[in-house]
Amino acid sequence: MKPHRRKKLGIIIFIAAGLSVAVGFTAFALKQNINMFYTPTQVAEGEVGSGQHFRIGGMVKTGTVLGATNSLKVNFVTTDFVSDVPIQYEGILPDLFREGQGIVAEGEMDAKGVFQASRVLAKHDENFMSPEVKAALDASGASAENHSPVATN
Amino acid sequence: MIPEIGQFSLILALCLSVILASLPIIGAYQNNFLWMSMARPLSAGVFVFLAVSIAILAYAFVTDDFSVKFVAEHSNSLLPDRYKLTAVWGGHEGSFLLWTFMLSGWMLSVAIFTKSMPLEFVARVLGVLGVLITGYILFMLATSNPFARIVPLPPIDGADLNSALQDFGFIIHPPTLYMGYVGFSVVFAFAMAALLSGKMDAAWARWCRPWANVSWAILTLGIALGSWWAYYELGWGGWWAWDPVENPPLITWLFGTALIHSLAATEKRGVFKSWTVLLAILAFAGSLLGTFITRSGLLTSVHAFASDPTRGFFILAILGITVGGALLLFAFRAPLMKSEFGFDLVSREILLLANNIILVVSAASVFLGTMFPMVYQGLTDDLISIGPPYFNAIFIPLMALLTVILAIGPYCRWKRTSVAFLVEQMGKVALASLALGVVVPLIVTLEFSLAATIAVALASWIVLAMLQDIRNKTANKASRLKGLRSLPFSYYGMQTAHLGMAVMLIGVALTSAFSTERSVLLAPGQDVGLGNYVFRFEGAAPINGPNYVGEEASFTVLKGGEEITTLHPERRVYLATGTPSTEMAIDAGLFRDLFITLGEQKEGESWSMTIYVKPFVRWIWLGAIFMTLGGILAAADKRYRRLRRRHTEPSREQSKSKPLGGELQASS
Numbered sequence: 000m001k002p003h004r005r006k007k008l009g010i011i012i013f014i015a016a017g018l019s020v021a022v023g024f025t026a027f028a029l030k031q032n033i034n035m036f037y038t039p040t041q042v043a044e045g046e047v048g049s050g051q052h053f054r055i056g057g058m059v060k061t062g063t064v065l066g067a068t069n070s071l072k073v074n075f076v077t078t079d080f081v082s083d084v085p086i087q088y089e090g091i092l093p094d095l096f097r098e099g100q101g102i103v104a105e106g107e108m109d110a111k112g113v114f115q116a117s118r119v120l121a122k123h124d125e126n127f128m129s130p131e132v133k134a135a136l137d138a139s140g141a142s143a144e145n146h147s148p149v150a151t152n
Numbered sequence: 000m001i002p003e004i005g006q007f008s009l010i011l012a013l014c015l016s017v018i019l020a021s022l023p024i025i026g027a028y029q030n031n032f033l034w035m036s037m038a039r040p041l042s043a044g045v046f047v048f049l050a051v052s053i054a055i056l057a058y059a060f061v062t063d064d065f066s067v068k069f070v071a072e073h074s075n076s077l078l079p080d081r082y083k084l085t086a087v088w089g090g091h092e093g094s095f096l097l098w099t100f101m102l103s104g105w106m107l108s109v110a111i112f113t114k115s116m117p118l119e120f121v122a123r124v125l126g127v128l129g130v131l132i133t134g135y136i137l138f139m140l141a142t143s144n145p146f147a148r149i150v151p152l153p154p155i156d157g158a159d160l161n162s163a164l165q166d167f168g169f170i171i172h173p174p175t176l177y178m179g180y181v182g183f184s185v186v187f188a189f190a191m192a193a194l195l196s197g198k199m200d201a202a203w204a205r206w207c208r209p210w211a212n213v214s215w216a217i218l219t220l221g222i223a224l225g226s227w228w229a230y231y232e233l234g235w236g237g238w239w240a241w242d243p244v245e246n247p248p249l250i251t252w253l254f255g256t257a258l259i260h261s262l263a264a265t266e267k268r269g270v271f272k273s274w275t276v277l278l279a280i281l282a283f284a285g286s287l288l289g290t291f292i293t294r295s296g297l298l299t300s301v302h303a304f305a306s307d308p309t310r311g312f313f314i315l316a317i318l319g320i321t322v323g324g325a326l327l328l329f330a331f332r333a334p335l336m337k338s339e340f341g342f343d344l345v346s347r348e349i350l351l352l353a354n355n356i357i358l359v360v361s362a363a364s365v366f367l368g369t370m371f372p373m374v375y376q377g378l379t380d381d382l383i384s385i386g387p388p389y390f391n392a393i394f395i396p397l398m399a400l401l402t403v404i405l406a407i408g409p410y411c412r413w414k415r416t417s418v419a420f421l422v423e424q425m426g427k428v429a430l431a432s433l434a435l436g437v438v439v440p441l442i443v444t445l446e447f448s449l450a451a452t453i454a455v456a457l458a459s460w461i462v463l464a465m466l467q468d469i470r471n472k473t474a475n476k477a478s479r480l481k482g483l484r485s486l487p488f489s490y491y492g493m494q495t496a497h498l499g500m501a502v503m504l505i506g507v508a509l510t511s512a513f514s515t516e517r518s519v520l521l522a523p524g525q526d527v528g529l530g531n532y533v534f535r536f537e538g539a540a541p542i543n544g545p546n547y548v549g550e551e552a553s554f555t556v557l558k559g560g561e562e563i564t565t566l567h568p569e570r571r572v573y574l575a576t577g578t579p580s581t582e583m584a585i586d587a588g589l590f591r592d593l594f595i596t597l598g599e600q601k602e603g604e605s606w607s608m609t610i611y612v613k614p615f616v617r618w619i620w621l622g623a624i625f626m627t628l629g630g631i632l633a634a635a636d637k638r639y640r641r642l643r644r645r646h647t648e649p650s651r652e653q654s655k656s657k658p659l660g661g662e663l664q665a666s667s
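In the order they appear, the protein sequences are chains F and E. Mapping of the first sequence onto numbering that gives the first Met the number 0: residues 0 to 152, in sequence order. Mapping of the second sequence onto numbering that gives the first Met the number 0: residues 0 to 667, in sequence order.
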């Protein structure tokens with residue numbers, strides 16, 4: 000092989016090796032960090048395995064938000080208008096967290112059937128419904144329009 | 000009547016863009032001087048009409064013209080004037096007008112600052128930009144007209160600007176980010192013009208470099224401003240969330256960073272020619288991808304605009320046509336691009352190649368993580384999300400690797416560098432950085448953290464290597480000062496940007512390793528300790544703002560028993576929408592930020608709150624500022640200006656001036 004060919008080959012091997020390491024590592028990291036998303040109905044029907052870390056999305060049921068008076072614990076119920084799932088969260092809720100508003104929570108179910116949230120997300124644009132919440136409502140047959148905060152305001 | 004003038008002006012801009020998109024490019028083929036020379040005035044015309052358009056929209060905002068739908072949706076009579084003015088980019092339609100206006104601004108600059116380049120080339124560059132801007136204005140007029148009216152009954156008052164946007168960050172972040180984003184369209188147009196002309200020598204790379212550097216610098220600043228804004232506005236103390244809308248600017252930035260390095264190799268050594276063109280296309284595609292993601296509403300994120308699917312489809316079509324067309328053209332022309340291949344396995348070329356591979360792999364993995372949920376949903380109907388751990392797991396090791404080679408790069412000569420020379424130069428630097436990495440974090444924080452050790456070692460590696468390189472380069476001059484003055488701007492630009500990387504690295508690692516936070520419930524008079532600090536809650540009192548009401552809490556911060564500052568976080572409710580909003584209180588410092596977010600009032604006078612101490616967080620943005628300065632310094636290098644002067648006399652010796660870059664390099 001001519002020297003410049005060999006050099007070229009070296010570079011190509013170098014790139015290919017780097018790429019395959021990167022692809023392998025990426026696929027592994029991706030697999031480790033996927034959070035599935037479930038609707039309250041799916042959770043109620045027991046589709047979620049125990050101990051699984053996942054996201055749940057729905058509307059905050061009106062009249063269910065109970066904040067503890069002496070700690071940062073908050074309890075509320077999320078709903079897709081078919082099934083309800085109780086959620087507990089300790090910390091400060093986002094600005095736009097309100098009753099009747101769509102939220103997405105991340106965490107896992109505990110033994111008592113309460114979703115222990117490690118993170119609660121609410122949208123910054125109140126006219127916009129997160130596609131996840133919208134999908135949850137569509138799946139339950141409740142049309143997003145009828146229950147959207149814009150329509151009820 | 001006045002808003003209609005704005006729309007009319009938009010239509011006129013469209014007419015001019017259509018001409019700009021066709022005649023100059025055809026003229027360049029047929030060597031029609033008149034048609035080619037129309038490119039500059041047409042670009043100026045497009046700029047003027049778009050300027051009129053955006054000024055009229057701003058006027059509608061300032062005069063509270065709520066018959067304009069966009070104004071009614073994004074403003075309110077109570078909104079302070081500075082936010083009325085900037086509410087122009089507070090929603091989809093207006094922000095797209097800003098985006099388009101920015102592009103026309105870049106076109107005007109290209110028209111003005113390219114006197115040294117052959118007219119044929121300039122005509123093609125502006126023609127390609129004309130194609131883009133035609134697409135953008137069409138998009139605006141067809142799907143998102145900012146001047147649409149509410150007839151017959153306009154509302155009495157507007158719905159108000161989203162309260163999260165009523166902040167200084169909103170005034171500066173979007174325009175800066177857009178300006179950087181759109182700058183890569185110019186780089187793309189240069190690459191396309193070179194492909195169209197078929198002359199793939201190093202000339203286009205030299206012409207393109209200052210534009211690429213400036214775009215890159217502005218994009219860096221834009222992203223950093225966004226990060227800074229999110230940090231103090233969103234209230235969770237984070238500066239990067241791997242949000243699907245934060246990622247496309249980062250992807251563009253990574254491609255852009257690869258591009259400015261690859262352009263150097265193409266200009267100086269005539270290597271990686273087709274690769275550089277491909278990177279220009281990819282960086283541009285990244286910027287369009289960002290637009291697509293924010294405006295199609297396909298992903299959940301804090302940035303998403305309320306959306307409708309036709310917009311997403313339209314942008315996808317623009318993306319498909321421009322990027323697809325560019326790739327097609329690239330495929331046809333690539334065989335013409337013969338790169339010289341004269342370099343050894345240890346050379347600056349190889350290090351730049353490694354830099355490019357790392358950056359492109361990082362960009363690809365960020366892209367994968369961003370798009371995977373969307374693709375997965377399309378295939379299986381299941382909704383998933385990819386968490387930050389994925390991005391961190393991939394991105395951090397890659398950046399660490401990049402930092403290692405970053406310090407070696409400037410030492411390496413083009414073509415060939417002896418390994419012995421590198422070992423001799425870098426050996427001591429490596430040992431010293433390792434020692435600093437172990438010792439410094441221990442002394443400063445009294446605790447061991449692997450992340451901090453690695454970060455400090457890598458940052459020292461960059462800084463020490465840089466100092467030694469500057470010493471080497473000035474060693475043969477009569478005096479140090481003379482030596483320093485003889486180094487070109489581009490060299491200082493590079494080193495400043497690299498220093499920025501070191502500074503940012505320290506910031507990211509130390510903030511991540513040593514930040515502490517505590518969520519507590521405090522009654523007035525109670526205090527809480529965090530790290531070396533004690534935060535005493537003094538109580539809360541009602542406040543009234545121009546368009547909000549709320550409560551302001553007072554804190555006294557003590558360190559070692561001494562009062563160091565007071566902090567006043569707020570909780571507001573905006574009157575027009577009833578939206579609640581928390582305003583953080585931050586005591587910023589070079590070595591640490593103290594940060595309080597107020598939760599809500601609980602039993603009696605007590606409040607819930609989260610308190611943060613974030614060491615070195617400012618260094619993240621300080622690093623970005625260094626990078627920005629570096630990019631601008633590099634673009635301000637004398638040799639670009641010297642070239643301009645040279646070429647003001649009519650000359651057809653473009654191709655002969657090729658070795659010039661090399662000469663200047665040698666003389667420096």
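Heads up, a few of these hints could be off.
What the hints assert, rightly or not - No farther apart than 27 angstroms at their CA atoms in a straight line, the calculated lysine-lysine pairs in the BS3-like style are these:
(1) Lys72/F with Lys114/E
(2) Lys114/E with Lys198/E
(3) Lys267/E with Lys6/F
Derived by calculation from the structure, the hints in this document are not laboratory data. Predicted model only: the values in this text are computed from it and were never measured.
Verification of the hints:
{"no.": "1", "hint": "Lys72/F with Lys114/E", "verdict": "66 angstroms, violated"}
{"no.": "2", "hint": "Lys114/E with Lys198/E", "verdict": "19 angstroms, holds"}
{"no.": "3", "hint": "Lys267/E with Lys6/F", "verdict": "21 angstroms, holds"}
The structure fails to meet hint 1 from the earlier list, while all remaining hints are met.
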